[in-house]
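A.B. asks: Each chain, written out:
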Amino acid sequence: MKRFTYVRAVSIDQAIESLSVHPDAKLLAGGTNLVDLMKYDVATPTTIIDINDLPLREISETADGGLRIGALVTNSDVAVHPSVARHYPLLASAILAGASAQLRNAATVAGNLMQRTRCSYFYDVLTPCNKRAPGSGCPARPGLNRNHAILGASELCVATHPSDMCVALAAIGATIIVQGPNGLRAIPLADFHRLPGDAPEKDTTLFGNEVILGIELPPVLEHHRYSYLKIRDRLSYAFAIVSAAVWLTIDDEAAISTAQIALGGVAHKPWRNTAAEALLIGRPASRVNFEQFASMLLSGAVALSENDFKIDLARRTVVRALEQAASRTPQSQSDKRIH
Amino acid sequence: MAAAPNTAHRVAYTINGVIRVATVEPGVTLLDLLREEFDLTGTKKGCDHGQCGACTVLMNGHRINSCLVLAVSRSGSVVTTIEGIGTSDGLHPLQEAFVKHDALQCGYCTPGQICSAIGLISEGTAKTRDEIREGMSGNLCRCGAYTGIVDAIEEVMAAVSDAESLP
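These protein sequences, in sequence, are chains A and B. My numbering puts the first residue of the first sequence at 16, with every later residue one more than the last. My numbering puts the first residue of the second sequence at 703, with every later residue one more than the last.
Hints in this document: simulated from the structure, not taken from any laboratory.
With a straight-line cut-off of 25 angstroms between C-alpha atoms, the simulated DSS-like cross-links for lysine-lysine are:
hint	chain 1	residue 1	chain 2	residue 2
1	B	Lys747	A	Lys17
2	B	Lys747	A	Lys54
3	A	Lys351	B	Lys829
From a predicted model like this one, the values you see are computed outputs, not experimental measurements.
Construct the entire structure; sequences and hints are all you get.
C.D. replies: Here it is as structure tokens:
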């Protein structure tokens, strides 16, 4: 680990000011990803700004009937919060599908949003990586890319976003609340993470001197149906090869009235196709419609040398998750048998 | 808030009921503080990257990976390590159950397993064997004593009607 200066912010304004003064500073919350990246010298900040004293640990209802979750609430506390468990069980399920209990007890909401890819080349400072060292190259494209992107990748980067929580937030339609020198900004989750394009070093659209204050969930969706189905190489405590978050309502005539579906493990950000979702509205919740939707969702998929299996796997995962949601039998995150 | 580069920082922790203070550089983890400064070597360094769970301790009642906590960041916390669980005269119920069920072979992961299991039981969300396995997935055992570990936790969990009554 490179040596660094440690400062502790006592206010949000002070954290913003400190970020402005130290452009290469990193904010420290739970530290479960940042400290790890620093141990590998992948992250080499000269200043760490500890924000653990900031008043960002509340979960409260918003005026419009949604929920606001502070940036420093731990992943565990989000998952077990009664309002989350009752009104946004998709979010609770996705969080419990990720990491381990120890990590969830330390990791925060903001840290989960800001975590970096687990691409093995990104983590290995002895290899080139356009995300870690812009312009140095991408060994993953011709190399070990079984876990890499099939959607939205660029010539420069084929990394995937590793979060489970963010996939659920994408399906639910969360908003990220941030504060910078010029005040508050609300960023829809779909616009928060970015595709790699020609700047893979940038994971998000956050400015360098902005602090995440929290996330806002839209008003409670009555009679929602959901499932978070995560496919991985071992039963627990592994990143997704593919995951699907389904947030669905079905009306009295058995027609789909809300369809918000996000894919994880397949792209640089949680993947949604709202045009494909719109075609599900008003149609029966049937397997044939789900299969048609899944084909549209994966229509632009491009395989790398080792991951062509992921395209069909993603398609099947989406169909299965939609069927689980429609039948009100969401995937359990402890009994991993897929029904 | 300002501090000179690489300044050492004063930290204070309540560890197993005793207040301990030290001066650390900001890059020192809670794990290294416990082992190197306080000579509490029961907490093990396995991977040092939050992947194996050998370094699990209870911080303010919650199980965490001590290898990923900067000691300077969580000064003031209450920490329980394996040295604070049971005594040579009276084992903790989980320690007794681990012995009874052969829930270890080499023993290197055991302090982390015990701390993690105490956290699991006090969280109160795991009821079934599947849920115990899922809840303990952050603790690897390369000897493969998983069946015994789940047996031991299941037995203690059944005996503890109130999680608060666990020492």
